[in-house]
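Protein chains in written order, with our numbering: chain A, 2 to 304; chain Z, 5 to 556; chain F, 26 to 349.
Calculated directly from the structure, the hints in this document are not laboratory data.
Note that the structure is predicted; figures quoted are calculated from it, not measured.
All C-beta atoms in this analysis are idealised placements derived from N, C-alpha and C, irrespective of residue type, glycine included.
Heads up, a few of these hints could be off.
DEER-style ranges, computed between Cβ atoms [claimed, not checked]: (1) F:L30 - A:G111: 31 to 39 Å; (2) F:G125 - Z:R404: 43 to 51 Å; (3) Z:T357 - F:E91: 44 to 52 Å; (4) F:G125 - Z:Q36: 44 to 52 Å; (5) A:V39 - Z:E524: 50 to 58 Å; (6) F:G125 - A:W187: 49 to 57 Å; (7) F:G125 - A:V255: 49 to 57 Å.
Not close to chain A: a few residues of chain Z, all C-beta gaps over 12 Å, as computed [stated by the list, open to error]: (8) F150; (9) R152; (10) D177; (11) T255; (12) R303; (13) A308; (14) G337; (15) A354; (16) L358; (17) A380; (18) D384; (19) R387; (20) G407; (21) D409; (22) V495; (23) D549.
Chain by chain, the residues run as shown.
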Amino acid sequence: MSATSASAVNAAAPGRRRDLRSTLGVVIVAGFALVALVGPLLVGDPTAYVGAPLEPPSAAHWFGTTGQGQDVLAQTVVGARTTLLVGAIVGFLVVLVGAVVGATAAFFGGVVDAVLSLVVNVSLVMPGLPLIVVIAAFLPPGPVTMAVVLALTGWPWHARVVRAQVASLRRRDFVAAATVSGEPAWRIVVVELLPNLAALLGSSFIGATLYAVGAQVGLEFLGLGDLNAVTWGTNLYWATNDSALLTGSWWTFVPTGLGVATLGFGLALLGFALDERANPRLAASTGAGPGPQPTPVRRRALG
Amino acid sequence: MKRIVVILALLAACADPQGETPAGTLTVLQEQQAAWVRNFNPLLTTGGARWPTTSGIYEPLLVYNRAAGESVPWLATSWTWTEPALRLRFDVRPGVTWSDGAPLTAADVAFTFDVLRRFPALDGAGAWSFLAGVTAVDEHTVEFAFSRPYSPGLSLVGGQAIVPKHVWEGVADPVSFTNPDPVGTGPFTEIRRFDAQVWELGKNPRYWQPGVPKVDTLRFPAVASNDQALLALVRGEVDWAGSFVPAIERTYVDRDPAHFNYWFPAVGDTVFLYPQNATPPLDDARVREAISLAIDRKRLVRVAMHDYAKPSHPTALSDGYRAWRRDDLAPDGGWVRYDPAAAAAGLDAAGWTLGPDGRRRNAAGDALSLPILCPAGWSDWVRAAQIIARDLDAIGVDARVEGLDFSAWFDRVSRGDFALALGWSVSGPTPYAFYRSLLGSDTVKPVGTAAATNWHRHGSPAADALLAAFEATVDPAEQRRLSDALQAAFVEEAPAIPLFPTPAWGEFSTQRFEGFPDAETPYATLSPNAVPDVLLVLTQLHPRDDLQAGSR
Amino acid sequence: MSGLLRRMGLYALAAWFALTLNFLLPRMMPGDPAQALFARFQGRLEPAALEALTVTLGVSTAPLGEQYLTYLGQLVRGELGISLVYFPSPVSEVIAGGLGWTMFLAGGALVVAFTLGSVLGAVAAWRRGGWLDTVAPPLLSFLGAFPYFWLAMAAVWLLGFQLGWFPVRHAYGPEVQPGFTLAFAASAVRHALLPGATMVLASLGGWVLTMRNAMMGVLDDEPIRFAQARGLPPARVFFHYGVRNALLPSLTSFGMAFGFVLSGALLTEIVFAYPGQGYLLLQAVRGQDYPLLQGLFLTITLAVLAANALVDVVVVLLDPRTRG
């Protein structure tokens, strides 16, 4: 990994453009976070019946009303809060479990590594969505079930990525030096390794949150979430229940969809920025899988 | 690479357009399935037999027309009680042949019931809980002997689909038999085509009614969701459907007002809010009545049912029981009217007073908290539950909606483990079965034991006497008198809170076919979901007269 | 070669794990299939009938270990049991039709997305900083961030319903019979266009980026830059050195992506009433149809494992570095 090639890759996205992407990402995500935090205080009760059903957007109701006469704007804003909250919690859990498993496997090597890697690889080939649907359908609906189900199915990917990174870091000189000089294992992990993992963990968190939000919305759309809750997914569920498209009531459907897409886009941009900071050589990708993940160029690193 | 693209494009271009339906083929949407599975077993009512197996391929002895409130002789020409409520004799129609040419005889009827006796898994309605024996007296007469007086047995026996003995006596296990090539007496028996996506049922060339059916083929496309069903409807690809359609005027009728029609009569099962009578404070009728008075049913049906339903009658009887229903009982709506003030007064009288925090408490200081159980996936019920929760909250009762997965919900509801729960009710040609499930002591099981009906566990000695008398009499006037008394008992005791009768969903298009029943010509229920009434409709449908000559 | 054998061993292990999980999962969930059947018919079953049905459905009260061995035995004989939702049709019959269509749609969409994405990504990396490089990734990321079924429903409504350009449901038209005819193939392709296109659009971004970043990495390698400086024709550098090497990491993802695409196809099938496994899975879940659920889960998992194994073999064949 020579200095020239690293800078060549950086030159791929000229400084100004890269900054623009990061800034845009931060602005979008921060904007949604703000809406989620403060918004519900400003709009009315999303479950109250405020007008005639399926009214188009007007001065009285900026986003119109739903099939029951509820305010779409209030539902979108309040829905953002629950969806983001569950998304962030799942993201955190997934990265926590994945990082612990991955780091442990890579750091201790040998049998520990073999066993943990086996578990991770087997979990990775299990088809995700069917498993999620099956589990979510049988447990009582609610945010806790959602979080548990998504965390259980999302962690293996991150475990693999963290393991790869820790494995490569472990062979580096400064770790060898620390070991030789008698530093205890835990200190090496916390003081030497973790700071180097920071950017990777950050981008993993972003990716996991993105996955969690998408999967949540999908499950709730199928009616497997808590129908009493007001979330983006259940908003879409009720909209389809009232045949939003066939009645031409686009306003019950579009704001939530745009919200999810924009949030996802913002998270993806943030993810790119963090990826490139973590390792300029690592590629960033919004894969067909759970969130944007760096795909190491050298296949052997996945070993 | 370029060549592949060109070939693919050619393939796509020369594909046929979304097919034209041949004349005489009527497209029906009744089941929502992603892919068809070949099963025409009419005896296993819980199995996945294709509609209209029990009432279209096979037929019963008589058809109860709930729109007209009378029984139509079908495979039987007449019936009599040779011993009132104990011996029933049917005269089997002569001249009826099975679709393979063999004649229908009383032996087929006796055989059918014998199969139910030998395989209890097929006896879903429980015919052998009151039958003692079935005998074919001669070629066209069959006699049923009851083990106890049971006049409602007439409709149970009369509604059973009859299967041919000469085919089914060779079937080793009728429970798991899918009957892929059915032999029936019904108007449509020939399977013309059966794929995963579409299947077609052709008319019976040997049907016993002359000149009928005038429709040549029934076609069934597999449609997986309500949205897809609606798409098909509005594009005019479907002639007859039984789907729930939101805002139907706007989404469906307006596309072709001259041909697109619907009819949603309130003849379906009444939806109830069941209070658990076995657990205080719901053992107090005043509390139950107060809850009922607090619910704004008009808003409930408007929001949860898109205004397709109407608030329930105080006797909880739907329009299907119009002939039996007492309109003199509580003309102002009685205990099902919307009167929050009366509700509040009722709760006060029962000892639940409004505290300074707006919550109702009893003398001991406990708050009145009544969670509402609901199946999580049934969106219209969930919405109804949400409205009820808000209405109860307004009078100081803490009512949360608990949405559970269907099995979990049913498990708790049947064991009685709930405070309030939404649920369906049973129906039949007379109010007997209905009130037995609401008031009959013999249907009461202890809380914790699964029960098929009477989840609210209310037993009324007064009603028991009336129900027993009903079982023993076949005199219509006497039955009428007993039914009046049952309705009074129901209103008096208020065991369960009726919300609204479920409408029978039915849509039809007259672009190609005519003869459908509707609000102006209610000769039968329109909805294809109403079996066996569909037999009455299937034998009336015909291609449009002005389209008869030549093309569609 | 030993590496490949180890991978195959891993897949065998994963297959066994899938079988066992498949067995345990429905049994760990609350509820009971006979009760579910009873409930579906709104309790209109007399207790005697319910009891008889329970026996017929084979709801076993034997100890778990015994049930597991019976299950394995049945699997070896290819018996997947009898479906509850579609009682009394055998599970294999119910699944048979669906699997083929899901593979066709999901596999086709994946291949198209992979190919198109790799081409776009390679070109974007080659013309670094050009308009394709700047516009495509963010635009495709944005499209990919939409909830999947949202794009599908918008497509159905706009292109299928309003404009009528495409069929809106099913895998083939009602006027053709399934068979090896040109008309049937044409109808199948035509019906797969819209659902396939939405799946491709939703996943394109990922492939473009993977390929683009891999290409950029490869093109920056010293030997490549040296060869270019020496005057090797650009086309040769692009195809022979660039694409061929950059394709490898994408191929690894391809195998895993197959699993995800199969899952994603579930939502597409529901929206488009496409007769695949997706909707069957949902019905099985809602009806607590354990045998059908097990059968579906099994076929999906084994298909994913097979795809991964196949890809591994292909990669080994293509990349000499991974042998030995």
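Okay, the hints, checked on the actual structure:
Roughly 21 Å separates the CB atoms of F:L30 and A:G111, a value that falls outside the hinted 31 to 39 Å. Distance hint check: the CB atoms of F:G125 and Z:R404 are about 46 Å apart, consistent with the given range 43 to 51 Å. Take Z:T357 and F:E91: their Cβ atoms lie about 60 Å apart, and the range 44 to 52 Å is violated. Between F:G125 and Z:Q36 the CB atoms are about 22 Å apart, so this pair departs from the stated range of 44 to 52 Å.
Checked against the hint of 50 to 58 Å, the pair A:V39 and Z:E524 passes, with Cβ atoms roughly 57 Å apart. Our hint of 49 to 57 Å for F:G125 and A:W187 holds, since their Cβ atoms are close to 54 Å apart. Under the hint 49 to 57 Å, the C-beta atoms of F:G125 and A:V255, about 36 Å apart, miss the expected range. With 12 Å as the threshold on Cβ separation, the claim that Z:F150 sits away from chain A holds: the shortest Cβ distance comes to roughly 44 Å.
Separation of Z:R152 from chain A is adequate, the least Cβ-Cβ distance of about 43 Å exceeding the 12 Å criterion. Its beta-carbon lying about 31 Å from the closest one in chain A, Z:D177 satisfies the requirement of being farther than 12 Å from that chain. Once the 12 Å rule is applied to beta carbons, Z:T255 is inconsistent with being away from chain A; the minimum gap is 5 Å. With a minimum CB-CB distance of about 8 Å to chain A, Z:R303 fails to clear the 12 Å threshold, and the non-interface call is violated.
At the 12 Å boundary, the C-beta of Z:A308 falls inside the reach of chain A, the nearest C-beta of that chain being 8 Å off. Here Z:G337 stays apart from chain A, with its beta-carbon at least about 22 Å from theirs, past the 12 Å limit. Even its closest Cβ contact with chain A, about 28 Å, leaves Z:A354 beyond 12 Å, as expected for a residue assigned away from the interface. Listed as outside the interface, Z:L358 is consistent with that label: its C-beta sits roughly 22 Å from the nearest C-beta of chain A, beyond the 12 Å cut-off.
Not every CB of chain A lies more than 12 Å from the CB of Z:A380, the least distance being 5 Å, so the non-interface label is violated. With a least CB separation of 8 Å from chain A, Z:D384 falls inside the 12 Å interface cut-off, contrary to its annotation. With a minimum CB-CB distance of about 7 Å to chain A, Z:R387 fails to clear the 12 Å threshold, and the non-interface call is violated. With a cut of 12 Å on Cβ distances, Z:G407 falls inside the contact zone with chain A, its closest approach being about 5 Å.
Interface exclusion of Z:D409 from chain A breaks down, the closest Cβ pair being 7 Å apart, not more than 12 Å. Here Z:V495 stays apart from chain A, with its beta-carbon at least about 31 Å from theirs, past the 12 Å limit. Remark: the non-interface label on Z:D549 is consistent with the geometry, its nearest Cβ contact in chain A lying 32 Å away (cut-off 12 Å).
Hint compliance for this structure: hints 1, 3, 4, 7, 11, 12, 13, 17, 18, 19, 20 and 21 are not met, and every other hint is.
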